[in-house]
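Trainee: What follows is each chain in one-letter form.
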Amino acid sequence: MSIHLRHIQKHFGRSQALSPIDLEIRSGELIGLLGPSGSGKTTLLRIIAGLETPDDHRDCRILFGERDVTQVHVRDRRIGFVFQHYALFRHMSVFDNVAFGLTVLPRAERPSSAEIRSRVMQLLEMVQLSHLAERFPAQLSGGQQQRVSLARALALKPEVLLLDEPFGALDAKVRQELRRWLRHLHDELGFTSVFVTHDQEEALELSDRVVVMSNGRIEQVDTPDTLYRAPRNRFVFEFLGDVNHLEGVVQDGVLTCGDARLAVDLEDGRQELLLRPHEVQVALQAQADAHLPASVMSIVPVGAEVRVELSADWMSEPWMATLSHQDAERLSLKRGMRVHALPRRWHHYPDAQEAPGTQVRPQQVSA
Amino acid sequence: MQRIGDAPWLRRSLIAVAVGLSALFLLLPLVAIFAQALAEGVGPFIANLTDQYTLAAIGLTLFVTLLTIPINLVFGVMLAWLVTRFAFPGRRLLQTLIDIPFAISPVVAGLVYLLLYGRNGWIGGWLDAHDIQLMFAWPGILMVTIFVTCPFVARELIPLMQAQGSREEEAAVTLGARGFTLFRRVTLPNIRWALLYGVILTNARAVGEFGAVSVVSGAIRGETNTLPLHVELLYQDYNTVGAFASAALLALIALLTLAAKAMLEWRATRREALT
Chain E
1 MSIHLRHIQK HFGRSQALSP IDLEIRSGEL IGLLGPSGSG KTTLLRIIAG
51 LETPDDHRDC RILFGERDVT QVHVRDRRIG FVFQHYALFR HMSVFDNVAF
101 GLTVLPRAER PSSAEIRSRV MQLLEMVQLS HLAERFPAQL SGGQQQRVSL
151 ARALALKPEV LLLDEPFGAL DAKVRQELRR WLRHLHDELG FTSVFVTHDQ
201 EEALELSDRV VVMSNGRIEQ VDTPDTLYRA PRNRFVFEFL GDVNHLEGVV
251 QDGVLTCGDA RLAVDLEDGR QELLLRPHEV QVALQAQADA HLPASVMSIV
301 PVGAEVRVEL SADWMSEPWM ATLSHQDAER LSLKRGMRVH ALPRRWHHYP
351 DAQEAPGTQV RPQQVSA
Chain F
1 MQRIGDAPWL RRSLIAVAVG LSALFLLLPL VAIFAQALAE GVGPFIANLT
51 DQYTLAAIGL TLFVTLLTIP INLVFGVMLA WLVTRFAFPG RRLLQTLIDI
101 PFAISPVVAG LVYLLLYGRN GWIGGWLDAH DIQLMFAWPG ILMVTIFVTC
151 PFVARELIPL MQAQGSREEE AAVTLGARGF TLFRRVTLPN IRWALLYGVI
201 LTNARAVGEF GAVSVVSGAI RGETNTLPLH VELLYQDYNT VGAFASAALL
251 ALIALLTLAA KAMLEWRATR REALT
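Chain order of the listed sequences is E and F. Just so we're aligned: 161 in the numbering used here is position 161 of the first sequence, and the numbers increase by one with no gaps anywhere. Just so we're aligned: 88 in the numbering used here is position 88 of the second sequence, and the numbers increase by one with no gaps anywhere.
Since the hints were made in silico from the structure, they are not lab data. The reader is advised that the hints may include incorrect statements.
Listed below are several chain F residues computed to face chain E (Cβ distance under 7 Å; list not exhaustive) [unchecked claim]: (1) E170; (2) V173; (3) G176.
Idealized CB from N, CA, C, for every residue including glycine.
With these hints in hand, go ahead and build the complete structure from the sequences.
Mentor: Written out as structure tokens, the structure is:
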């Protein structure tokens, strides 16, 4: 079921949690709401659910498909909601938790207890917890509790599933597993899902499209791929991954900062460049158009790459460069070694709302 | 190396002082009550308890207590719900107001009720004109008893409900639960032990309340005399055994209440140990 949000805004007292927001979510999509804390993502999710009411405005509309639910109470919106800390009923068994939604249906719609039983067991099988049906929430691990919470949310076959930081409280491995599993469930059952997260990796990995939010505004809505390749502004760029900064004065096409120099195609004046760690190479010699001396602070092999931390007087904060194991070995990097940073490409976001610039250095480094 | 408080003489003397004071101030009076009540044997004790006026006093006390408990139960749950689940201006003030009966002397409370609802009182005058008598009758006793005991349930529930938060209730609402179903199936099971604890405290206080009740009751034998008032009346009549027989009954109720409270606490710690 598609979700249309029009002119949704929200104030808490005097502070504005959401500036007017418009958002279209297509039927069957898996959407990630991504932003730092205080960006309004959870508020937006709770407004879609009906747990929070948006400010009164004549243009304010929430549509589920063709159905206008703006004035519809949570309990009648027929959504599934998964809470950050699971919010399982602590005095009920796993079975009763999952059965709850079915047992509180009006008598006329309520299935027989045998039907409820088979439906609940089917759900528990789906989340691979049927052997724990008689346990109480406190006797389960975090990951198991979250799976119960999902099964409970799906018991009434909602067409919209909303998840508030669903994996936030779990350890990395369980989180990874549950993500994959949620994606699978989403594709199989075909509901429309919206989840909130502050973890960019999670948003990029799991979503069909990501909604990046900050300060109650939507900064960008795009597929993970487009979002990473073409961030619309500096906030999105910085939020989506690690960033190295190079700030200096440009004169006649050369940016200078302390003893660092880089040929750039920018106007004269104070400018700041942003670089991803994988866009920084490490070499033993400087080049004619790039002289960025630094020393190696630390070398950390992580998976397929080697993370090298660089420091120098001209940096406001240490730089991070990611190298292949091969390159790292060839350079025989050691802590304290003097090296040169060579930007492969860099990004530039002028303060004014101009189009962002990304420049690839014309001559490829052949270190 | 010794830790602070490890000196044997210190530990022993502290224990001795604690045990000695408890015995002197708590245990001895309790023993004295039963000793006095049974001073002339079991016969007179029973006779005093089954005296017509004593039975009437027991009846009135039970009647008032049985009315107070459900009223405060409903009031306390509603208040705790309001204070912990809604944000509204004046919420803090309301939370402070709940404590007034704790802060104020019961005698003062009784006098205030007399001032308001007595025949010459602000509201009492109007009531009198309509032939309604609250003071010096059981409704007055009930009113001050409710006043004195009203914080007990709410005070037990508020910290618990604050700590538990409203997530489970929100979850229940997203699953379609409405109004009373929500309360009965989600809220109530989570607060039932605190609720019972509040009821036990309410019960203890309602049975034993003296100050406020003595001001508004008028202590008419067989009519508006509660058990604590009856004790005083008998004592002033130089009927020591009678006074202590009734006092022993009150003490017994108190002991049962304590036992119930201890059992609940024991249960609570055991439940925590389990989960």
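Trainee: If a hint holds in the structure, say so; if it does not, say that too.
Mentor: Each hint, compared with the structure:
no., hint, in the structure
1, E170, "holds (6 Å)"
2, V173, "holds (5 Å)"
3, G176, "holds (5 Å)"
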